[in-house]
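Visitor: Read off the chains here:
2 protein chains.
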Amino acid sequence: MASTPADVKEVPGALVFEIDMPGAKTGEIKVQVEDDHTLVVSGERRRAEDKEAKYQRMERRMGKFMRRFPLPEDANLEAITACFEEGVLTVRVEKKPPPEPKKAKTIEVKVGGSSEG
Amino acid sequence: MASTPADVKEVPGALVFEIDMPGAKTGEIKVQVEDDHTLVVSGERRRAEDKEAKYQRMERRMGKFMRRFPLPEDANLEAITACFEEGVLTVRVEKKPPPEPKKAKTIEVKVGGSSEG
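Protein chains in written order, with the UniProt record's numbering: chain L, 1 to 117; chain H, 1 to 117.
Careful, some of the hints might be misleading.
Identical copies carry no separate label here, and so any pair may be met within one copy or between two of them.
[Stated by the list, open to error] Pairs of lysine-lysine, DSS-like flavour, derived with a Cα cap of 27 Å:
1) 51 with 95
2) 51 with 9
3) 54 with 96
4) 51 with 25
5) 95 with 54
6) 9 with 64
7) 54 with 9
8) 64 with 25
9) 96 with 51
10) 9 with 25
For the record, the hints were derived by calculation from the structure and aren't laboratory data.
The following block holds chain L by itself, in its conformation from the complex (with noise of 0.2 Å):
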């Protein structure tokens, strides 16, 4: 299992998700979101293959990898962006505006007919 540590930060507007993944290809990154509410990403890591090489060393763990992230309720999933570079991938949801706070409703105070007319 390759190791993929992650950092969550919210930022105004926007929940930011930062991956480790180094060596990974564009290709191999898979960004889903799952019963509307779970951010998942999967992916692979692998070691190049050449039978003439012999390793004195293996410390980077290759192999599958998946993370689940739970999403606010206000997570706009129609504006979801992903971008790796530098090995770090960074998936960017926005937030939905908080609605507007409904306005009380004002009713008209008549001046009632009075009987004492």
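Place chain H on chain L using the hints.
Guide: Chain H in isolation, oriented as in the chain L frame:
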């Protein structure tokens, strides 16, 4: 201290070091040879400064890092290349060709002037 797992492999004619350092910047990575027989790779990983960010999760290990690897006797210190791609630094150290086996010295055998001519 940032986490920088490494693979070391021998390939025909060279020794190859692959070191994970996702999110490091090329300008912040130093590759040096010390005392003619130690490869030293150092640098720093930093979180983007963003005063408005509120972290919910911080798994990625940031900070300075340094890795030292012994080099073999036959390393060609004039032929070292380093390349940073997808968060992985690859350092390739060519090996000097083995010295040619010394040819056995052949001593010509002259026909001795025989005293019994």
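Visitor: Does each hint fit the structure? Answer for all of them.
Guide: Right, here's what the structure says about each hint:
1. 51 with 95: Answer is between: at 19 Å across copies they meet the 27 Å cutoff, but 49 Å inside does not.
2. 51 with 9: The answer is between: 11 Å across copies meets 27 Å, while 42 Å in one copy does not.
3. 54 with 96: between (53 Å within a copy, 18 Å between copies)
4. 51 with 25: The answer is within: 21 Å in one copy meets 27 Å, while 31 Å across copies does not.
5. 95 with 54: For residue 95 and residue 54, only the inter-copy Cα distance (15 Å) is at most 27 Å; the intra-copy one is 49 Å.
6. 9 with 64: both (25 Å within a copy, 22 Å between copies)
7. 54 with 9: This pair counts as between: shortest inter-copy Cα distance 5 Å, intra-copy 41 Å.
8. 64 with 25: This pair counts as both: shortest intra-copy Cα distance 12 Å, inter-copy 26 Å.
9. 96 with 51: Answer is between; shortest inter-copy Cα gap is 22 Å, intra-copy 52 Å.
10. 9 with 25: both (24 Å within a copy, 21 Å between copies)
Hint compliance for this structure: no hint is broken.
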